[in-house]
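S.K.: Each residue of the sequence shown is one higher than the one before, starting from 1058 at the first, in this note's numbering.
Note that these hints are calculated values from the structure, not bench results. Quick reminder that beta carbons are idealized off the backbone N, C-alpha and C, glycines included. Treat the hints with care, as some may be off.
[Stated by the list, open to error] Listed next, the in silico DSS-like pairs over lysine-lysine satisfying Cα-Cα at most 27 Å (straight line):
1. K1424 - K1470
2. K1408 - K1424
3. K1345 - K1570
4. K1380 - K1553
5. K1553 - K1408
6. K1226 - K1283
[To be verified] Ranges between beta-carbon positions, derived for each pair:
7. D1186 - H1101: 29 to 37 Å
8. N1252 - A1449: 53 to 61 Å
9. D1286 - A1235: 25 to 33 Å
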Amino acid sequence: MAPAWQEVQHAKVEKRCELVLSGPPISKRIEEGPFDASIFALTHLNFLEVSHTCLSELPDGIARLVNLTRLVLSANQLSHIPAEVGALKKLKFLDVSNNRLESLPSELSGLTELQSLNLSFNKLLSLPDEFKEMSHLIVLNFACNEIEDFPAFLTEGKFDFLTEVVGNKNRMTSLPRAIEASLSSLKVLDVSANNIKEIPGEIGDCPKLKEIHLKDNPINDKRLRKLVDQCHYKQVLEYIKSHGPRDAEALQDKGGKKGKKKKGAAAANASDIQQVANKFEILQLQDKSPVVVATDEVHDVRPYVVCCILRQVQLHREGMLRKFLTLQNKLHDTLCVKRTEATIATHDVSKVLGNVTYSAKPPQQLKLTPLGRTKEMTAHELYQQLTEEADALRKEKKRSTYPGIYKYLYLLKDKPLYPYLADESGQVLSFPPITNSQGTRISEETRDVFVEVTGNSLPFCKKVMDTLLIESLKLGLGDPPDGTGDDLHHSLVVEKVKIVDKEGSLRVVYPSKTDLVCEGVALEQHTT
1058 MAPAWQEVQH AKVEKRCELV LSGPPISKRI EEGPFDASIF ALTHLNFLEV SHTCLSELPD
1118 GIARLVNLTR LVLSANQLSH IPAEVGALKK LKFLDVSNNR LESLPSELSG LTELQSLNLS
1178 FNKLLSLPDE FKEMSHLIVL NFACNEIEDF PAFLTEGKFD FLTEVVGNKN RMTSLPRAIE
1238 ASLSSLKVLD VSANNIKEIP GEIGDCPKLK EIHLKDNPIN DKRLRKLVDQ CHYKQVLEYI
1298 KSHGPRDAEA LQDKGGKKGK KKKGAAAANA SDIQQVANKF EILQLQDKSP VVVATDEVHD
1358 VRPYVVCCIL RQVQLHREGM LRKFLTLQNK LHDTLCVKRT EATIATHDVS KVLGNVTYSA
1418 KPPQQLKLTP LGRTKEMTAH ELYQQLTEEA DALRKEKKRS TYPGIYKYLY LLKDKPLYPY
1478 LADESGQVLS FPPITNSQGT RISEETRDVF VEVTGNSLPF CKKVMDTLLI ESLKLGLGDP
1538 PDGTGDDLHH SLVVEKVKIV DKEGSLRVVY PSKTDLVCEG VALEQHTT
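Produce the complete structure using the sequences and hints provided.
M.R.: This is the structure in structure tokens:
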């Protein structure tokens, strides 16, 4: 029996919860001998990455890793995925991109808690219909394959959380009309570079769809093709809704009941307005609002950021600061998948000077005063110090896992660039996914809070921000100081913040018209 690999042995002895095996050294071992299957005895693992190797087949036994929540098998030479991967019931993130997969086992439908599935850059011809059981999906990416039909399971299952579908560079010839009914939360649809000639009008009815990518398709409608080439998503969606071909029977039903529907809708809306107890007061972009400039350097590190400002918060109320921070920690561990998918940071607006830059630097060049510390240090020094503290604490407490921020250190291992946000004075506000700056920390005296969410997917960042704000509303974070708020009536003032690139071109504004949509919560728009 071949000796265990050093990394595997360390993970076993130290009872680590994360294991990353990547690059030429690992690939060389696989070429010279068998893959170390003793990995599958590390049942305490919740994160496993095997990437950028010559691995062509995954040995039997991965189903034993019953605590895995994140599995990355990208950039290998895999020709198939074992059916037993479908037994990993806790899995929330699966990345098998950049392999040689031509098909997927239907057993993967057992991953009912899966939130993110990346199948891009393979040779897939279709996706199993059984995937309709993956009802918790938020992001699905099957770009750069050979798929000829839009995945049928997406219109057969119930996907209340799916916000992003990426299927560019395939061979699809049409889009189903049922997308509007089955993907009610869809915000981004990318089917560019396919063979689609006609876009159904029902696509324009998707209630939250904000971005639709249709470039490099042989679209018959010349006017629509021109709009698509100009990248005006809003105009494209409006045109599709008004001029796209529709199902004749559905169109007749819609026209025949038009009058009654309007009357009933008006009555329902009036009733809804009376019943609404909670509300967001949305402030439009202000001249004084900070603008966030996202640079090219951060694109390959952590490409997306979404920001907003919470005005007139009541953190001085008994226990409110603790509740607000506890909420962020809870979301980090659950929705954000241990900060691997997104990271939240909050700052006192009065301590943020001017506009904000979102960029990335080498660890030795990035300097900050971390939260809870008084000394400025480089990100490299902080990483080393935290690693030493984590090892010492784990041994002292005889724990198998790292507590607090220590459990996120593996996310930065061997990374050449670290992401950060800084204001105009050069003060670093945050270093995601590890820590905020001591200089902008919020306190009971804070009245306005700058909120940021960074991650690898824009729709996912927005979902995290939506959830944070809705839960903060329920906490009573923005209730008026006169005590008129109660368990049933809450309000929160949210000011929009825009993200632009170096040239000043708009990337995103939050909240937009499709954000913060929640039953029983009203949205009131204000100019000041």
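S.K.: What are the numbers of the hints the structure violates, in ascending order?
M.R.: none
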